[in-house]
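**Student:** Take a look at the letters that make up each chain.
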Amino acid sequence: MNISSHARRSTVTRNAIGVGLATGVYGISFGALAVTSGFSFAQTQVLSLGLFSGASQFAVVGIMGAGGGAIAAIATSSLLGVRNGLYALSIANVLKLKGFKKVIASQLTIDESTAMSIANNDDEEMSRWAFWATGISVFVFWNIATAVGAFGASFVADPKSLGLDAAVGAAFLALLWPRLINKQIRVVGILAGLLALGLTPFVQSGIPVLASVLIAIAMGLKNASDK
Amino acid sequence: MEARWIAVIASSVIAFILKFSGNIVPARYLEQPKIKSITALVPIVMLSALVVVQTFASGQELVIDARLVALLFAVILLLIRAPFIVVVFGAAALAAILRYFDLIN
Chain Y
0 MNISSHARRS TVTRNAIGVG LATGVYGISF GALAVTSGFS FAQTQVLSLG
50 LFSGASQFAV VGIMGAGGGA IAAIATSSLL GVRNGLYALS IANVLKLKGF
100 KKVIASQLTI DESTAMSIAN NDDEEMSRWA FWATGISVFV FWNIATAVGA
150 FGASFVADPK SLGLDAAVGA AFLALLWPRL INKQIRVVGI LAGLLALGLT
200 PFVQSGIPVL ASVLIAIAMG LKNASDK
Chain G
0 MEARWIAVIA SSVIAFILKF SGNIVPARYL EQPKIKSITA LVPIVMLSAL
50 VVVQTFASGQ ELVIDARLVA LLFAVILLLI RAPFIVVVFG AAALAAILRY
100 FDLIN
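Chains Y and G, in that order, give the protein sequences. According to numbering that gives the first Met the number 0, the stretch in the first sequence is residues 0 to 226, in order. According to numbering that gives the first Met the number 0, the stretch in the second sequence is residues 0 to 104, in order.
Chain G extracted, bound-state conformation:
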């Protein structure tokens, strides 16, 4: 089976198991302070790492290109409280313009 299908199906099945287990596991196992304070931080560290990797990585190489300028523009849009879709497509539009005029790859 193609790798993408494996990822799609396996991640869906695991996501469901995680949600369902929350409904059947006795609360005392997961409500320990250590587990709670770690899991509260997991989305923060992973999303931060994903921002960095998606902006600078090209395979295993680190590069500075239009993606960085687009990300800085996204920061400005978030600071002025622009909605999600404006941030995402605003960043894309800026990268597209920079590349169209050959200002940065």
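Just chain Y, same shape as in the assembly:
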């Protein structure tokens, strides 16, 4: 390794730690919201260790906290997790892993590690380094932050008086916001919201969110045939 690639490696590592710290901060909100939604400290921590994907985790606690069933929570979480499988697919040829490392890498395949790996894909070794550094950094900070948030919230007697039920919608909106990159995506988002709103009085809790996937299917098929 020459000096310039050594310097670049330090930069990538520093960025990875920065991304880990930033996501860790919202791990605090996850921990707090999970516990105030009725999840135990252990359940909250297992979600961060095992599920390890922010949007899916917020979905599980949000849906069950609002009275939805386990099936709806699992289905929503899994549909939100499909993109991680696609991430794994798109970086598999860079990571070139075998055996147990493949298992660990799979668990660490999330928005942040994939984005950092792709951002450095001009250099395969650096791309791999960025994936591992970011994945490990986010995993460590996310889990520490979850524990901090869950522990802090366990002292809260009435979550509603602290407005924590109102924070769940805000959390989903903040996860959605950076994805609203063009007009069609914004229209799709509004249609999905309206469909969920219209279905809520008529179907079991949890179903309106799952039904929104129909809009993704309709618009996705239209987009594919337009190309």
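Keep in mind that a hint or two might mislead.
Stated by the list, open to error - Covered stretches of chain Y (chain G as the covering partner; in silico rule of three or more C-beta atoms under 8 Å from a C-beta of chain G): (1) 35-42; (2) 52-58; (3) 98-107; (4) 112-124; (5) 210-224.
Bear in mind the hints are in silico, worked out from the structure with no lab data behind them. Note that CB positions come from ideal geometry on N, CA and C, so glycine has one too.
With the hints as your guide, set chain G onto chain Y.
**Tutor:** Only chain G this time, still in chain Y's reference frame:
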């Protein structure tokens, strides 16, 4: 087993299977244009639906309460590029204040 534990464990196992299968499934199955354009939109529709349900639903009933005001405040915070944690706890704080002074439930 308690429903919450079932959800925690099953969703974790499925999440891992999805990630792992991306590492072993031949790319050609998932890289079809139809599959790609649908999966790109799935997080958008689900997160949008979750925002709406978490804001308006109380069981199967639709209600307007402090959560809506908090969500509108979150929009303002996002427009001025506030960080995630400020958006989340800012919305919570506003709802808490509104309820403390009995302005809205």
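**Student:** With reference to the structure, classify each hint as holding or not holding.
**Tutor:** Hints, one by one, checked against the model:
| no. | hint | result |
| --- | --- | --- |
| 1 | 35-42 | holds (count 4) |
| 2 | 52-58 | holds (count 5) |
| 3 | 98-107 | holds (count 5) |
| 4 | 112-124 | violated (count 0) |
| 5 | 210-224 | holds (count 11) |
Hint compliance for this structure: hint 4 alone is broken.
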